[in-house]
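Given the coordinates of chain W, assemble chain Y onto it according to the supplied hints.
If you want the building blocks of each chain, they are given just below.
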Amino acid sequence: MYANDALYAVAALLLPALSALILVGRMAGRERGALAYTVTVVTYLALGLLPLHAAGFLELAGLLPAISYRVVALFALVVLVASYGIARRFPRDAGGVDSSPKEGLPKYLLFAIAIVAALWGLFFLNRCTSYPDGWDGLAYHLPLAVSWMQRQSLAFPLRPDWRFSLPANCEMGMSLLLGTGWEAASAIFNMLAATVSVSSVYLLCNKYTANRQAAIIATLMFASIPMVVFQAFGAYVDLFGTSFLLAASAIYVYRDAPPGRIPAKSWYLAAIFLSGAACGMAVGTKPTFYPYAAVLFAAIAADTFSNRHRIPVGVFRSLATFVVGALLFCSFWFVRATVYTGNPLYPIRISIGDTVLLDGFSTADITDPDYDLNFVSSRYQWPIYPWIDYKRTNLMYGQDSGLGLTWVSFVPLGVAFALVFRCVVLRRPRRLTAAHAAIAIWLVLAAVWWFALRRMPRFGLPIIALSCVLSADLFDGFVSNRSKLFRWLLLLSVSLGAAICAFAPAHEIAGRVRTGGWSRAENYGYPAVIDTFPDRTTILNLTHSERNNYYLMGNDLSNRIVSEDWAPDVIDNEFLSGNNIDYIVEKKKNDRFMTLPTTCQLVAEEEILETVWRVWKVVPADAD
Amino acid sequence: MSKPNDLTRSQMTVEHPSIEDRTDVSPVLSPRLLAVLNALVLTSLVCYLAFSRPTRYLMDEFVRLFEKFLT
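The listed protein sequences derive, respectively, from chains W and Y. One gets this note's numbering by counting positions in the first sequence from 1 and adding 118 to each. One gets this note's numbering by counting positions in the second sequence from 1 and adding 32 to each.
The following block holds chain W by itself, in its conformation from the complex:
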């Protein structure tokens, strides 16, 4: 079904890469470094999403009947031509490379970096030899991406009252990546975003401390967090949004340090625009990033105003450039929600007291107010949460929890040290500095996470990253004083932390090698007969798990799934024929199966992982 489209999907992925290389190559020349890398990848992902946003707007306006991969590839070609035109207007880079010699890194640090890199390599190997995972990813991020792929439309997903009708920049990318025909590739945008988060944390640390080694160690803390590594290769979107939020901050603080030799004013405007674009991509990822983006914009506005005599353009122009960049990558979602529901923030209900201004779901309907009690047994335990790393439903780390040994050993102490050092010990200079601003932002974000984001660990990823930046002061102290004990402690925590974190992927890889279960059905644990169904088969999922929505889409992701949530209590022929259902897949609940119409024929009954699955073929009642 998708064989012909795969080439267009690949083109839609590669053409923006070419556009990004042309644009950034013109700006940064041969400059190689964290800033050039961050700018290149952010530009690539932005240009990759731009054709989809443009196509989405045209579809909303009724000017585009279907968003096929061919259309997206064509739009990407237009973006390529436009990028070339824009690049020609940039002053040519003189070809300079930052030739200032960088001191070599000590062996203990190189060893620590190698351990963390090996951990990432193991996760990469696991992803390449398996299929996408993560509960939220399988329950709705990936089904959403596949739904767009199947319907060739960015219209509201499936049913307009679906509470997961969220902004979905990451899923847009997933739909392109799944179109290549290689499911594991769906994590590529997440992987790229994860590398951007690492380079952005490094850039922020490098601005925060003059000690390069301290900046690298602080970055290593972030890269070794299990939740970060799991999300980098998974199907959750929190790290994706966090990465762009961090990139927006990093590019902004380097707005006065062109990566190449382009004029300061040109770079300033380009950096502000790109920072805004990255912020918009975060906003368009998930509503949990709205408050973070608001804080970031407030900080940038305050900084721009206080430095108004030192910036090369006016305050209004600077802030307007940021806002335009942001709107380009998130406005589609708000316009789409307005068109379908009249509420730009749908599915979030807007109300004052009991008066509902714009209809939708309350945040309590979307996320249980007591969901944080999955991570602590009582809220008084939150201060010690990093040391217990608890999750009620999972014994090991996962995509939604896990700070890990390395982070916990150093960063809480590092944050406390930064607070004391910057605010109490270091009295001079007495005026506020960027470091004070970073501490203030950290405190505000911590309050936002506690009161507005329901204390979900993964919703706090930007705060966790900023904690690493603040702890650079502590590492500066250790490194400057050449503490040998610190070196051993760092190596011990990194190696033990990586070993614990590596258990899950190593276990999965070993399991597949031992059982030979490389197929999709064996990997996910569903009846293999599902993969033999013809294209566009519609399946009613009665397996009591939204996660199975994705499993049942089959090997070529061509099956249409009707979720159990949308089925009536009693399944009758009217419902089955009304929804064009071809097959029903069910699992036992409370030790019994559901009662189905007698016209359904049992196709397969299979016991998988101690659970009995039944697959029924729906035969129309009047077929006889």
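Read the hints as simulated data drawn from the structure, not as lab findings. Please note that a few of the clues may not be correct.
Stated by the list, open to error - Simulated DEER-style distance windows between Cβ atoms: (1) W:Ala236 / Y:Lys100: 46 to 54 angstroms; (2) W:Pro183 / Y:Arg96: 53 to 61 angstroms; (3) Y:Glu93 / W:Asp683: 32 to 40 angstroms; (4) Y:Arg96 / W:Arg510: 20 to 28 angstroms.
Each residue gets a CB set at the ideal place from its N, CA and C atoms; glycine is no exception.
Below, chain Y without anything else, positioned relative to chain W:
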């Protein structure tokens, strides 16, 4: 001729407020404070190993495997 607000790169970078207060940590840390900080890191590390759910789970798994191996 440059416009009044058209700053050069060097003018902009030198004036950045986050630069001048970046290298003040080292003198603050006396050997005694350094030892205390290292001790706190070690305590944090040991506490995680002792109390965190993942490490306790892994320890249980290894004990189970070891017992299986012995029998």
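Each hint tested on the structure:
1. A beta carbon spacing of about 28 angstroms between W:Ala236 and Y:Lys100 contradicts the range 46 to 54 angstroms that was offered as a hint.
2. Between W:Pro183 and Y:Arg96 the beta carbons are some 59 angstroms apart, a value that agrees with the proposed interval 53 to 61 angstroms.
3. Checked against the hint of 32 to 40 angstroms, the C-beta distance between Y:Glu93 and W:Asp683 comes to roughly 36 angstroms, which is consistent with it.
4. Checking the proposed 20 to 28 angstroms range against Y:Arg96 and W:Arg510 shows it holds: the Cβ atoms sit about 21 angstroms from each other.
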